[in-house]
Amino acid sequence: MDIPYTSQPRPDTGIYNAKVGIWLFLASEVMLFGALFSTYILLRVGARPEDWPTGLLNVPIGTFNTAVLIASSVTVVMAWASLKMKQFNRFKLFQAITVLCALTFLGIKSFEYRDKFTHYEVWKTDGTRITGHLEGKPMFMTLEKVKAAGKESILFTPDLHHYSEGKKAMHERDHGDHKAVEIPVAQIKRLSAFVPAHSTYFAIYFTLTGLHALHVLGGAVVMAYLFGPGAKMWFTDPDRLTNRVEVSGLFWHFVDLVWIFLFPILYLL
Amino acid sequence: MSDHTDDISKHVRGYMIVGGTLLIGTILTVLASYVDLGHEWNIVLALIIATAKASLVALFFMHLISERQMIYVVLAFTAFFLVGLMFLTIGAYADFPPLTTTR
Chain A
16 MDIPYTSQPR PDTGIYNAKV GIWLFLASEV MLFGALFSTY ILLRVGARPE DWPTGLLNVP
76 IGTFNTAVLI ASSVTVVMAW ASLKMKQFNR FKLFQAITVL CALTFLGIKS FEYRDKFTHY
136 EVWKTDGTRI TGHLEGKPMF MTLEKVKAAG KESILFTPDL HHYSEGKKAM HERDHGDHKA
196 VEIPVAQIKR LSAFVPAHST YFAIYFTLTG LHALHVLGGA VVMAYLFGPG AKMWFTDPDR
256 LTNRVEVSGL FWHFVDLVWI FLFPILYLL
Chain B
61 MSDHTDDISK HVRGYMIVGG TLLIGTILTV LASYVDLGHE WNIVLALIIA TAKASLVALF
121 FMHLISERQM IYVVLAFTAF FLVGLMFLTI GAYADFPPLT TTR
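Chains A and B, in that order, give the protein sequences. To get the working numbering, take the position in the first sequence, counting from 1, and add 15. To get the working numbering, take the position in the second sequence, counting from 1, and add 60.
Looking at chain A on its own, in the form it has when it is part of the complex (with noise of 0.2 Å):
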């Protein structure tokens, strides 16, 4: 039995079914994000100023990783038109381009994600806080962990400016020719990486960034099985395909639609 609708568009909506279902999936997806968005800006206003890491992250890497979700929004759409040209190979081509886009995408977020995790705020017992890296750049420490390996003291790397000190402090260039000091634990209040538990700030960043990536990965699967065993549908029924292809790219463009709000929300402001 056929399935009504593949590629011929329904007569009371006048388009295809797949692309009625997407758009109604985006609907909610705007809802979803909207409501974490809404949850950035409660966060944020109630969070006193010194709290709220500005210049922490890494700008030139965020720009970069914009400009590859913009260039993967640049080739979808092409690949798209490719089929509608009947142009199969140039398809694949533009194809391949963005799923190559989308890996490099999550290659560079999970290099950020790592430098997070090894960076660290401690917490001291005087109420001053200092950020920096632990000896041998370890991942999730935490002031338990030092106490239960039976340490007295950490070996600290602190970075030329707190993130309490605003941006301008926290653009200026950092050498990284600091001297490690010591820290007796007994001194330590609290010790964090940058992980969802230090603050509202990656609390939220996280989960922001984390959703975003994950539909990242969920649009390269789907690109890449359109690009792989997915693309055999050309020979049998190159209409259906095609569509195909549309559906996914317009998830693909929402997903960049979704960055270009968090790029200067986490990043820049």
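I should point out that these hints are in silico values taken from the structure, not numbers from a laboratory. A virtual CB, placed ideally from N, CA and C, is assigned to each residue, including glycine. Among the hints, erroneous ones may be present.
The calculated label-pair distances, taken between Cβ atoms and stated as ranges, are [to be verified]:
| id | chain 1 | residue 1 | chain 2 | residue 2 | range |
| --- | --- | --- | --- | --- | --- |
| 1 | B | Leu145 | A | Arg63 | 21 to 27 Å |
| 2 | A | Asn104 | B | Ser126 | 23 to 29 Å |
| 3 | B | Leu107 | A | Asp66 | 21 to 27 Å |
| 4 | B | His99 | A | Thr54 | 18 to 24 Å |
| 5 | A | Arg63 | B | Ile125 | 40 to 46 Å |
| 6 | A | Phe155 | B | Leu148 | 31 to 37 Å |
| 7 | B | Ala136 | A | Gly122 | 37 to 43 Å |
Partial chain B-side listing against chain A, Cβ under 10 Å, derived [as the list claims (entries may be wrong)]:
| id | residue |
| --- | --- |
| 8 | Tyr75 |
| 9 | Ala92 |
| 10 | Gly98 |
| 11 | His99 |
| 12 | Thr111 |
Chain A is fixed; fit chain B onto it per the hints.
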């Protein structure tokens, strides 16, 4: 969007132009963040550029500039509820009981 091959090939150049504009918009967003306009105005400017970029993606890449009415109806409902959600957020912030503060 029209499905004719000739029309599509005409649109291809448009996609390139939109892509280039988005890249320029990204650079503008970064440069604008280094200009000290006061924190609030920096936010407003960044969101204006982001909205302009998002509009370009929606209108040209997602073909909303020439889509069927049904899609517009779906998006009108979405926009209504999204705006409502944001108003609720602002309302919640303005509705802290007396003697509580967030600052």
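Hint check results:
Judged by the Cβ atoms, the range 21 to 27 Å given for leucine 145 (chain B) and arginine 63 (chain A) holds: they are separated by roughly 26 Å. Under the hint 23 to 29 Å, the C-beta atoms of asparagine 104 (chain A) and serine 126 (chain B), about 28 Å apart, fit the expected range. For the hinted restraint 21 to 27 Å between leucine 107 (chain B) and aspartate 66 (chain A), the CB-CB distance of approximately 23 Å keeps it satisfied. Remark: the range hint 18 to 24 Å for histidine 99 (chain B) to threonine 54 (chain A) is upheld by a beta-carbon distance near 20 Å.
About 44 Å separates the C-beta atoms of arginine 63 (chain A) and isoleucine 125 (chain B), a value consistent with the hinted range of 40 to 46 Å. As the Cβ distance of phenylalanine 155 (chain A) to leucine 148 (chain B) is approximately 36 Å, the hint placing it in 31 to 37 Å holds. A hinted range of 37 to 43 Å holds for the C-beta pair alanine 136 (chain B) and glycine 122 (chain A), which are about 38 Å apart. For tyrosine 75 (chain B), the interface hint holds, since its Cβ comes within 10 Å of a Cβ in chain A; the closest pair sits about 5 Å apart.
Here the hint on alanine 92 (chain B) is kept, as its CB sits about 8 Å from the closest CB of chain A, short of 10 Å. Look at glycine 98 (chain B): its Cβ only gets to about 12 Å from chain A, farther than 10 Å, so that hint breaks. With its C-beta approaching chain A no nearer than about 8 Å, histidine 99 (chain B) sits inside the 10 Å limit, and its interface hint holds. At about 8 Å, the closest approach between the beta carbon of threonine 111 (chain B) and any beta carbon in chain A falls short of 10 Å, and the interface hint on this residue holds.
Hint 10 from the earlier list is the only one contradicted by this structure; the remaining hints agree with it.
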